[in-house]
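Asks: Chains as they are written, first to last, in my numbering: chain A, 1 to 221; chain B, 1001 to 1362; chain C, 2001 to 2242.
It is possible that some hints are incorrect.
Stated by the list, open to error - Partner residues aside, some chain C positions facing chain A, computed with beta carbon under 8 angstroms:
{"hint": "1", "residue": "G2074"}
{"hint": "2", "residue": "T2170"}
{"hint": "3", "residue": "T2172"}
{"hint": "4", "residue": "A2202"}
{"hint": "5", "residue": "S2209"}
Claimed, not checked - If you want a taste of the chain A side facing chain B, the calculated C-beta under 8 angstroms gives, among others:
{"hint": "6", "residue": "V115"}
{"hint": "7", "residue": "L120"}
{"hint": "8", "residue": "M122"}
{"hint": "9", "residue": "G125"}
{"hint": "10", "residue": "P136"}
Claimed, not checked - Computed far set for chain B versus chain A, every beta-carbon distance over 10 angstroms:
{"hint": "11", "residue": "G1016"}
{"hint": "12", "residue": "G1117"}
{"hint": "13", "residue": "R1121"}
{"hint": "14", "residue": "L1137"}
{"hint": "15", "residue": "P1229"}
{"hint": "16", "residue": "S1232"}
{"hint": "17", "residue": "F1233"}
{"hint": "18", "residue": "D1282"}
{"hint": "19", "residue": "A1298"}
{"hint": "20", "residue": "I1332"}
Just so you know, the hints here were simulated from the structure itself, not pulled from any lab data.
The beta carbon of each residue, even a glycine, is placed where N, CA and C say it ideally should be.
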Amino acid sequence: MIAAPFFRWDWVFDHWGLIGEKVSEHLVLTGIALGVGLAISMVLAVIGLRFPRTYPPITWLTGVLYTIPSLALFAFLVPITGFTVLSAEIGLVSYTLLILIRNIVAGIQGVDPAVREAALGMGYGSRRLFLEIELPLALPVILAGVRIAAVTTIGLVTITALIGQGGVGFFILRGLNRFFNTEIVLGTALSVILAVAVDLVLVLVERLLTPWMTERTAEAS
Amino acid sequence: MIRLENVTKVFPGGSGPAVHELSLDVAEGEIVVLVGPSGCGKTTTLKMINRLVEPTSGRITVAGEDIMAFPAHELRRRVGYVIQQIGLFPHRTIAENIATVPRLLGWERARIDDRVGELIRLVDLEPGMRNRYPRELSGGQRQRAGVARALAADPPVMLMDEPFGAVDPIVRGRLQDELLDLQRRLRKTIVFVTHDIDEAVKLGDRVAILNIGGIVEQYAPPAEILRDPSNSFVETFLGSDRGIKRLSLIRVSEVPLEDGPMVDKSATAAAARECMERYGVDWFGILDGKKLLGWAWASDLDGSSLAGIEPKPFEVRLSLDASLREALDTIITSHTRVAPVFDGNRFVGTITAEGISRELAK
Amino acid sequence: MEFFGDLLQWFGDNSSGDSGWLARTGEHLRISGAALAAAMVVAIPLAAWLGHTRRGGLLAVSVVNIGRALPSFGILALALPFTIWLARSTPLIESGLGFAPTFIALFLLALPPIFTNTYAGVRGIDPDVVEAARGMGITERRLVLDIEMPIASPVILTGIRVTAVQVVATATLGALVGYGGYGRFIVDGFATQDEVELVAGAVLVALLSVLTEIGFSALERVVVPKGIQRRRRADVVPPVAV
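The shape of chain A in the complex, shown without the other chains (with noise of 0.2 angstroms):
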């Protein structure tokens, strides 16, 4: 059997303010990317939706993006901006794109389309239009997307450890390094916690948001 404890509690205590720290970073580079992608996304997606022929070209790119492994497009950024956050940044949002973008898309082409003929029909612009009635209707399946892209991000987040971030990937690394197991439990353990957690948020989330909803959506892809 291995032979010193695997996972060492005493260790956990004595570092619980480092912890703590790794986690917001880890919640923080989390959420600037989820913010980030939303606001791209929904740029994006309103382009996609307005000019039907930009559409493939914009899934396509986004499409690329999502398959480039995360270990060579980080470590791909770092001799242009370096082992910051900024790299980190580039390469978590590019990942969010993908399924932000489709999510927004399909949410708002499966509004019912006699809502939208009743709101035209009653004088609403175009722009009062998406803003009123498609974008609010649509967000059961946006918010599905974010719930994706929330959980898919919070994971990436631990390989930016190799390049000098990494939130709890910071544990996993450095376990990695010195054989410590306890560190690479904790790291991996913590990356499920948060990303279990942040989930149920954005669940929460999502029924203030929509007091009308009955059946909850199940997730779109």
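Guided by the hints, dock chains B and C onto chain A, whose structure is given.
Replies: Below, chains B and C without anything else, positioned relative to chain A:
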């Protein structure tokens, strides 16, 4: 109020104009129904009035103003629009839905609240519905909410596109009656599209029968169309029971009533027999002054007077308001083959099958 | 453009030998293929059975969510002490580094999406078709193998395809625990600040991903019965992007 002049609509990729040089006038305060087979352009025509579809050529004016003179969304805020699937906003309460156009027009809070309350009462929704979401309402209630929403800003003109198509016939009949009732009170100018000729006949002050391509085959009050269809297309479209459809438009009060084989309870049996022979029937009715007690078979006569006879009540009593169609139904289904007519409780006369035919033949 | 020339030069210089890109291609394919195959062997029968008996719907949804929440990097790192121990105390594997931990991480990455898509594919079959087949007296085994699997094949294969591409991309992480593959170029290039090597590695992975995508699309066209061939929307749940 609404005038369409040589309006044409060609859709790109279509095999011909959807609407070709249609000209139509809608007077203020009337309900005009556009009816016709699929592809006749009735919905397209309706949508051109509020520019959800832009005409390819021709002119449309509402209250004398060309509809192209201002931005489309401004026009639409002054025209009520009701569609079959209603399109209530699921993320807003009924009150918020109804308040849509007033909000777009910038009314103050208080005025909007009052108006919403007024409309909810007007369309017969319970006040408690205000803060419910559309998904909590039944089909008929949603339809009423849709109508209330269209009426919110008190538009002079309403466009309705098969609004009652999605509900069951019982609810539909009720909604039609409520619309007529509303119209009596509000006197809006309404353009109504349907594919159901019965609905057109029931609701329309004037009905336009459209053929493919938006060709107006006949445009007249429903009674006139039913009486004198202008060509074979219209005749076929009206259906083979044209005569019976006409009956639903004529009120009992409009035709002369006959006395029928009625005798006073104090009359002799001989008088009763003589009455029955005159009318060629084997039964007679018994009056007590102006009150109709009921009827009896000839074979019930026993002795020289009517004393001792238990009159059977008439199963159906028609009011003056009833249509000849109901009268005919009563006549066909009863023993007596006449329909007794009452003004409240007072017996005023009878209608017979012959009487009805005579009316149709006029 | 000078960079481009350097890149081409690199490919020319580094093609042969154990650390050349040809060899690394083999390594990369080997680990990706092994993990994918293992995940398919475990997930597909289980998911097909659950979908067929219409049970475990909650499980299917949760599996994907949990899978997404597992950081591949963390799993990889966790697997390492385990595989080292395994190598030391049992004859099952030779070395705790390299192939073993990478295999475990990629296997766990591939399992959820293949499971969920297979489940969805089988579960989503028109119940009338199944009922008609049963009514004709077909056995349960034949029903699953001859009817349900072929009908569900578009969804299942799409799931495999998308997962395969992700596995190929994520296999680069193996370099962090001593495996080779294209990740070796990325990690080494990063460590030595050799941008050419780094980009070469990334380009190779990208190419392999595209080829994987094309390959599995072609496979779909061959395997999916003609009557069901049609463009499928994305009913598919992609795995964690790494």
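Asks: None of the hints should be skipped; say for each whether it holds.
Replies: Hints, verified against the model:
Restraint check, C:G2074 versus chain A: the minimum CB separation of about 3 angstroms is within 8 angstroms; hint holds. Evaluation of the C:T2170 hint against chain A yields a held restraint, the C-beta minimum of about 7 angstroms falling below 8 angstroms. This hint holds: C:T2172 has a C-beta 4 angstroms from the nearest C-beta of chain A, less than the 8 angstroms allowed. Taking 8 angstroms as the C-beta contact cut-off toward chain A, the hint placing C:A2202 at the interface holds, the least distance being around 4 angstroms.
Annotation: C:S2209 was flagged as interfacial toward chain A, and the flag holds, the nearest CB pair being 5 angstroms apart, inside 8 angstroms. The beta carbon of A:V115 is positioned within 8 angstroms of a beta carbon in chain B (closest approach about 5 angstroms), and the interface hint is therefore held. With its C-beta approaching chain B no nearer than about 6 angstroms, A:L120 sits inside the 8 angstroms limit, and its interface hint holds. At a threshold of 8 angstroms, the smallest CB-CB gap from A:M122 to chain B is about 5 angstroms, leaving the interface hint in force.
Evaluation of the A:G125 hint against chain B yields a held restraint, the C-beta minimum of about 5 angstroms falling below 8 angstroms. Interface restraint check: A:P136 against chain B, minimum CB-CB distance 5 angstroms, threshold 8 angstroms, status holds. Separation of B:G1016 from chain A is adequate, the least Cβ-Cβ distance of about 25 angstroms exceeding the 10 angstroms criterion. Here B:G1117 stays apart from chain A, with its beta-carbon at least about 20 angstroms from theirs, past the 10 angstroms limit.
Listed as a non-interface residue, B:R1121 keeps its Cβ farther than 10 angstroms from every Cβ of chain A; the least gap is roughly 21 angstroms. Taking the minimum C-beta to C-beta distance to chain A, about 12 angstroms, the non-interface status of B:L1137 holds against the 10 angstroms cut. Residue placement check: B:P1229 keeps its beta carbon more than 10 angstroms from all beta carbons of chain A (closest about 33 angstroms). Non-interface status of B:S1232 relative to chain A is upheld: no Cβ of that chain comes within 10 angstroms, the nearest being about 36 angstroms off.
A cut-off of 10 angstroms between C-beta atoms confirms that B:F1233 is not in contact with chain A; the least separation is 30 angstroms. Chain A leaves B:D1282 outside its interface by the beta-carbon criterion, the shortest separation being 59 angstroms against a cut-off of 10 angstroms. Residue placement check: B:A1298 keeps its beta carbon more than 10 angstroms from all beta carbons of chain A (closest about 63 angstroms). Chain A leaves B:I1332 outside its interface by the beta-carbon criterion, the shortest separation being 42 angstroms against a cut-off of 10 angstroms.
In terms of the numbered hints stated before, the structure departs from none.
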